[in-house]
Amino acid sequence: MTRPRLSTLAIIVAALAVVPLAGLSGSLLNLMIFMMIIALAAQGWNILGGYAGLSSFGHAAFFGAGAYAMVVLQTRFGVNAWIALVIGIALGALVGAFIGFLSFRSGLKGSYFALITLAFAEVARILANSTNFTGGAAGILLKLQTGLPYLQFADRRYFLLIALGFVAIGLLVSWWLEHSRFGAYLVALRENEQAAQALGVDVFAVKMKAIAISGALTAAAGCLYAQNYLFIDANVAFGSWISIEALFAAIVGGSGTVIGPLLGAIVLLGLGELTKMVSGGIPGMDLLVFGVILVLSVAYSPNGLVMLMKSLGLRAPAKAREA
Amino acid sequence: MTRHQKSLSRRTVLKSSVALTSMLAAPGLLRAEPAPVKVGLLQPISGAFALDGDLAKIGAEFAIKEINDAGGIKALGGAKLELVIGDSRSNAEAGAQATEELQSAGVAAVLGGFASGITLTATQTAARYDLPFVVDCAVADTITDRGLKNTFRFNPNFSMATAVALKNLVKLNDDAGKPIKTVAIVHEDGLFGSGLAKIMQEKLPPLGFQIVETIAHPTPARDMTNVVLRLRALNPDLIVPSHYFNEFVLMARTLQQQRVRPKGIYAVFGGAASSYRFVNEFPEAAQGVMDCNHWGDPKSPITAKLRETVTAAGKFYAYNTPINYSLVKVFAQAVEKAGSADRAKIIEALAANEFDSGIMPYGKTKFDAKGQNSSALPLNTQVQGKDIKVIYPAEYADAKPVFPING
Chain A
1 MTRPRLSTLA IIVAALAVVP LAGLSGSLLN LMIFMMIIAL AAQGWNILGG YAGLSSFGHA
61 AFFGAGAYAM VVLQTRFGVN AWIALVIGIA LGALVGAFIG FLSFRSGLKG SYFALITLAF
121 AEVARILANS TNFTGGAAGI LLKLQTGLPY LQFADRRYFL LIALGFVAIG LLVSWWLEHS
181 RFGAYLVALR ENEQAAQALG VDVFAVKMKA IAISGALTAA AGCLYAQNYL FIDANVAFGS
241 WISIEALFAA IVGGSGTVIG PLLGAIVLLG LGELTKMVSG GIPGMDLLVF GVILVLSVAY
301 SPNGLVMLMK SLGLRAPAKA REA
Chain B
1 MTRHQKSLSR RTVLKSSVAL TSMLAAPGLL RAEPAPVKVG LLQPISGAFA LDGDLAKIGA
61 EFAIKEINDA GGIKALGGAK LELVIGDSRS NAEAGAQATE ELQSAGVAAV LGGFASGITL
121 TATQTAARYD LPFVVDCAVA DTITDRGLKN TFRFNPNFSM ATAVALKNLV KLNDDAGKPI
181 KTVAIVHEDG LFGSGLAKIM QEKLPPLGFQ IVETIAHPTP ARDMTNVVLR LRALNPDLIV
241 PSHYFNEFVL MARTLQQQRV RPKGIYAVFG GAASSYRFVN EFPEAAQGVM DCNHWGDPKS
301 PITAKLRETV TAAGKFYAYN TPINYSLVKV FAQAVEKAGS ADRAKIIEAL AANEFDSGIM
361 PYGKTKFDAK GQNSSALPLN TQVQGKDIKV IYPAEYADAK PVFPING
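Those sequence lines, one after another, are chains A and B. Heads up: the first sequence is residues 1 to 323, going by the working numbering. Heads up: the second sequence is residues 1 to 407, going by the working numbering.
Bear in mind the hints are in silico, worked out from the structure with no lab data behind them. If you're wondering where the values come from, they're calculated on a predicted model, not measured in any experiment. Just so you know, even glycine gets a beta-carbon here, dropped at the ideal spot from N, CA and C. Any given hint could be a false lead.
Partial chain B-side listing against chain A, Cβ under 10 Å, derived [what the hints assert, rightly or not]:
#1 89
#2 93
#3 179
#4 182
#5 193
#6 246
#7 299
Next up, chain A with everything else stripped away, as it sits in the complex (with noise of 0.2 Å):
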């Protein structure tokens, strides 16, 4: 389960592409983009987080790069969408190193970094929260105009199948890491960076190359998201929301594992809907259930689900395996 074929990833994603052919009301087939984007923002943060063990607090600064890219480059310089997608990606990829560069070289982990980039993120947002070009505190809005061109569609399900396709090449990313050298080298600082070091792992450019990458996955989350809702400010894009949303799908479904974000973040949402069904009239109620299921899921599957689903089924020859 922690080491799927490829062909497993490929039944998953076609089993979610074949979800809204079923005919989805639009609240579910808006959940089920929402899904999406969550597991894409927490794929970006695990290979950061899980892979390679330097935990961040602050995505929203690659999800808020990627949104306002995505948004600022339309609305103020008539950017095709398209292309604004891809800039938005690479500029995630490009904050990522910036962030990079400065902390790796001063050997920042553990809280420090999650520090530092929790620090960063808030700098974004207080920076895209009081410069015009952003908008300001008004936020910016994107036209309402369907069509191939625009990358906003009437009929909502390709919008879905084009984010189950960024969650695909998530999939794809996480696999190659877990068979590629690169990977490896990943989790060998992860598990004791010195070690590695001696061994000749480059340890600042695997991160640099680490944190690219994941800010990229993160960055596509925040342009799909601009892209479908329509509008972002400062507090959604940058907002510390978006920081926990990633870490926790990601860590709920099991961090260092190929598919523990796209579950995590499936589950997480899931039950936040399904609470809300049957909790009733009551207001607020929904959100209680839910704080309850996820402690208690987190007190009993502390490694994920993934890990809780391996060891509730074929009873895998024992790989001690700390998340």
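Place chain B on chain A using the hints.
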């Protein structure tokens, strides 16, 4: 909506016997009941703005009951209105999601929105389905600037409200013999606070006011001591605050503690200035605070009734209740004029007609080409004793302004 005839099943018999019994109990209603018109109310029922959502719901429910008791929608053979609540959970994604749910529930229109961020995403979601959306107190100008055919706003927007606020501030100052020369602006750094501060910085100096300082703070802020100490050093004649409820209360209390006594506190859409909770909990700090805000007509008898209902529910009255009451009333008139619960016809009716504004002081509501109610008007209020009184404009005022408050 049509009802299909089905063969007689046990359930049908049960249902009809229940219906028959109720009809016998109320012989005046002995006629076929037309399908109800579902109306969606999008409000923050949970989350940071839950108090506001709750107050809005009370207003809307009150209006629905009033309309239904008076025989429902006449143009649809007395069809009843049925309220469907969408909880926006005080955030933008959940607002879009709740709008989708209202759409699935088959509502004829969505009313409400409350905050600008939520309203911006929710109205766009509704636009995908050509679902009419009448916005309540969300004030961002951009809401009606996007050319969305389905979107209308009942309340004044930011520009309209600040224009009125400035006009009345000048009048207030002139009437009292121009006691105000210096002004300090204290604002939260979000959309609402910084937007307002920017307008004030532009518009106040040409009107003869000198701005001595503009102080920004984040929301939430837990301590206002530094801000207030700065104000004490500057000693401005007037403080223009713009923040949300908690920060407003905090600042007013700290001003009181530090014995900073400006000649006036003049808020625009002040977070607490027109809240009975503030007045009840901190009457001394609230004394004399002025606000320019959404406010129901104090002279309408329904205002008193709404206040009673809210107070009886153990809550503090605020503007959300009269606004949403009036919003439902406007919607009901639109359905009457459209003669149908069809969405396109309702949009057409909203765009083409004039409406009574319920208990809001708007005279006849008329939506302009952008969907903004061009008659919308904020009122100036002041905390006097244990009450919030309207001081401007004269036709709605129920008290004279007390100004300057500290000699």
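(request) Could you work out which earlier hints the structure fails to respect and list their numbers in ascending sequence? (result) 3, 4, 6 and 7
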